[in-house]
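Student: Heads up: the sequence lines are chains W and H, in that order. First residue of the first sequence? That's 1 in our numbering, and the numbers climb one at a time after it. First residue of the second sequence? That's 1 in our numbering, and the numbers climb one at a time after it.
Any given hint might turn out to be false.
[Stated by the list, open to error] Pairs of lysine-lysine residues, derived as DSSO-like cross-links and limited to a Cα-Cα distance of at most 30 Å, are as follows: (1) 78/H to 55/W; (2) 113/H to 78/W; (3) 17/W to 65/H; (4) 68/W to 65/H; (5) 65/H to 109/H; (6) 17/W to 78/W; (7) 25/W to 218/H.
[To be verified] Have a look at the derived ranges for each label pair, beta carbon to beta carbon: (8) 65/H to 31/W: 20 to 30 Å; (9) 33/W to 151/H: 17 to 27 Å; (10) 31/W to 28/H: 35 to 45 Å; (11) 153/H to 75/W: 48 to 58 Å; (12) 40/W to 2/H: 49 to 59 Å; (13) 27/H to 17/W: 52 to 62 Å; (14) 2/H to 56/W: 39 to 49 Å; (15) 28/W to 27/H: 37 to 47 Å; (16) 10/H to 17/W: 43 to 53 Å.
Bear in mind the hints are in silico, worked out from the structure with no lab data behind them. All C-beta atoms, glycine included, are put in the ideal place defined by N, C-alpha and C.
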Amino acid sequence: MCAGARVKPKIQGTEVKAKIHVTLKQGVLDPQGKAVQHALGSLGFNGVEDVRQGKFIELELSETDPSKARASLEEMCKQLLANTVIENYSIELA
Amino acid sequence: MKACVIVFPGSNCDRDLQVALRNAMGSEPEMVWHGDSSFCEVDLITVPGGFSYGDYLRAGAMAAKSPVMREIISRAKKGVPVLGICNGFQVLTESGLLPGALMRNANLKYVCKDVHLKVEASDTPFTQGYSNGGVLRIPVAHHDGNYFANDGLLDELESNSQIAFRYSDSDGELTEDANPNGSLRNIAGILNRERNVLGMMPHPERLADPTLGGTDGKAMFSGLVEALS
Chain W
1 MCAGARVKPK
11 IQGTEVKAKI
21 HVTLKQGVLD
31 PQGKAVQHAL
41 GSLGFNGVED
51 VRQGKFIELE
61 LSETDPSKAR
71 ASLEEMCKQL
81 LANTVIENYS
91 IELA
Chain H
1 MKACVIVFPG
11 SNCDRDLQVA
21 LRNAMGSEPE
31 MVWHGDSSFC
41 EVDLITVPGG
51 FSYGDYLRAG
61 AMAAKSPVMR
71 EIISRAKKGV
81 PVLGICNGFQ
91 VLTESGLLPG
101 ALMRNANLKY
111 VCKDVHLKVE
121 ASDTPFTQGY
131 SNGGVLRIPV
141 AHHDGNYFAN
151 DGLLDELESN
161 SQIAFRYSDS
171 DGELTEDANP
181 NGSLRNIAGI
191 LNRERNVLGM
201 MPHPERLADP
211 TLGGTDGKAM
221 FSGLVEALS
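Okay, chain H solo, but in the shape it has when bound (with noise of 0.2 Å):
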């Protein structure tokens, strides 16, 4: 399997994105530059974290229009699996690859710390590690991760299956108290209507290896690893 993780100025989770796919995969992903319009032919495409372009405009706005952007919309509509995570979400969602649109947390305030989710979707390349109805313990760090989709297109997202991930407590309950950001319906996490773009708000890549203080992320990357090999 080959995957590749996006870099651009202000992306800071990049390298945690490359030690959780190597550990995966046993081999290298591949650092893309922004600015390169073409990269190698690869499994998965991957966009970290951070703040891209320093947020300016609007969080993930400045990434989703640059080179390199537009080869991934170009090769996700081809069926090539992306993954989003954190400000990679919120350049997906920027992009339209994936509907909605992720906007200042409710209480205004940059969270960080773990958070529990109930995994809603496990019948794709990004979640087959995991169990439908399973709880997570996975890290947020955002300021701007509050989901917001009209109400039509939040039903769409629930009739088609595509919530992947919803903000629960531990035993998977989905209360307003679990929800970090204000997100609609709890939505932690979206598929896209093809089931092969991916982007979520909580960062498994940070707690993918014992070290760090759990592994609840690691099936995530182990999972991609046994789909896409």
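Only chain W is shown next, with the shape it has when bound in the complex (with noise of 0.2 Å):
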């Protein structure tokens, strides 16, 4: 799950400041994405191969511990952010 997910603890007064990018699963079709390729074509734009449409989450919270807040952070996409039965989540911190 949350592959390639950076850690940057940037810790500014007493927030941690949290972006979560939400997509579907390789496999998952995305009829939107594949809209949005289509009308990028007819736009002129020629060679987008493909197009993956998801979700960005961002969230302030007042735990200031860096690996706190990612566990709490990991707890909320599993429960509600994202639907893990067709979509990956990843998790910034900043």
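Once you've looked at the hints, go ahead and assemble the two chains, each given alone in its own frame, into the complex.
Tutor: This is the structure in structure tokens:
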């Protein structure tokens, strides 16, 4: 799950800011991405080989410990932010 | 028999379900608000269609985490029958009571029309009013009804006879044209392994009275009353 997630703890003040990307798993068809790809082609943007659409979620946490924040974010992704049947997620702390 | 209808902010088929249940049972189902973490003992829990919580995040995702769902999950695990229709089906997959997921329709369009369904599992309280192989005409009305599961899970659903309904043509043939939303293997409704939870995208409550243009949905409710009384 969250492969390639980068940990960059830069704590300013007392908050941890987190950026979460939720994307469809490989093998899950993305008709919206396909429609966007088609629309880009019809606008003259040739050479768009594939489009996958996802969600970007920003959170601000009061937790100041990056490892605790990350553990908590993992749970948030698993329990609500992503549907792990069809979606992957990645967490970035800033 | 006692039944309840769960009402979320944004549910819009709760009253239709209430009427279908009332007509079948001859008594009033209890309407249960989503914030209630406890409700009366019932023989059947129904989760209606609509747009609970405005489909925020994903259809059914927010409702699946509401207080009432914790109680529903606990009762379902004890064997109480749970029926989820349309958004109710989405809520049940998001809550983990049913496997797989319901994605945006393959043609990206909201689809609202009558479809044909082939009955594939008539050995449950929900479907005992139908016969295996029978074809029903029932309306669908959804934007996110595209059933997805990985191949392993799909095979498991088939080998355990957990597929209750598939989209078919009027002769019961499972064609691509008969599939309104791109659901894998034409799946329109599935059961959990224990067969006490059914989720389906089509709306049997919308064709359960001759005044509405058909009665193919009626046998679901009369069958439930027969099984659970």
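Student: Hints first: check each against the structure and report whether it holds.
Tutor: Hints versus structure:
| no. | hint | in the structure |
| --- | --- | --- |
| 1 | 78/H to 55/W | violated, 36 Å |
| 2 | 113/H to 78/W | violated, 35 Å |
| 3 | 17/W to 65/H | holds, 24 Å |
| 4 | 68/W to 65/H | holds, 23 Å |
| 5 | 65/H to 109/H | holds, 27 Å |
| 6 | 17/W to 78/W | holds, 18 Å |
| 7 | 25/W to 218/H | violated, 39 Å |
| 8 | 65/H to 31/W: 20 to 30 Å | holds, 26 Å |
| 9 | 33/W to 151/H: 17 to 27 Å | holds, 21 Å |
| 10 | 31/W to 28/H: 35 to 45 Å | holds, 42 Å |
| 11 | 153/H to 75/W: 48 to 58 Å | violated, 24 Å |
| 12 | 40/W to 2/H: 49 to 59 Å | holds, 55 Å |
| 13 | 27/H to 17/W: 52 to 62 Å | holds, 54 Å |
| 14 | 2/H to 56/W: 39 to 49 Å | holds, 45 Å |
| 15 | 28/W to 27/H: 37 to 47 Å | holds, 44 Å |
| 16 | 10/H to 17/W: 43 to 53 Å | violated, 31 Å |
Violation of the numbered hints given earlier is confined to hints 1, 2, 7, 11 and 16; the remaining hints are satisfied by the structure.
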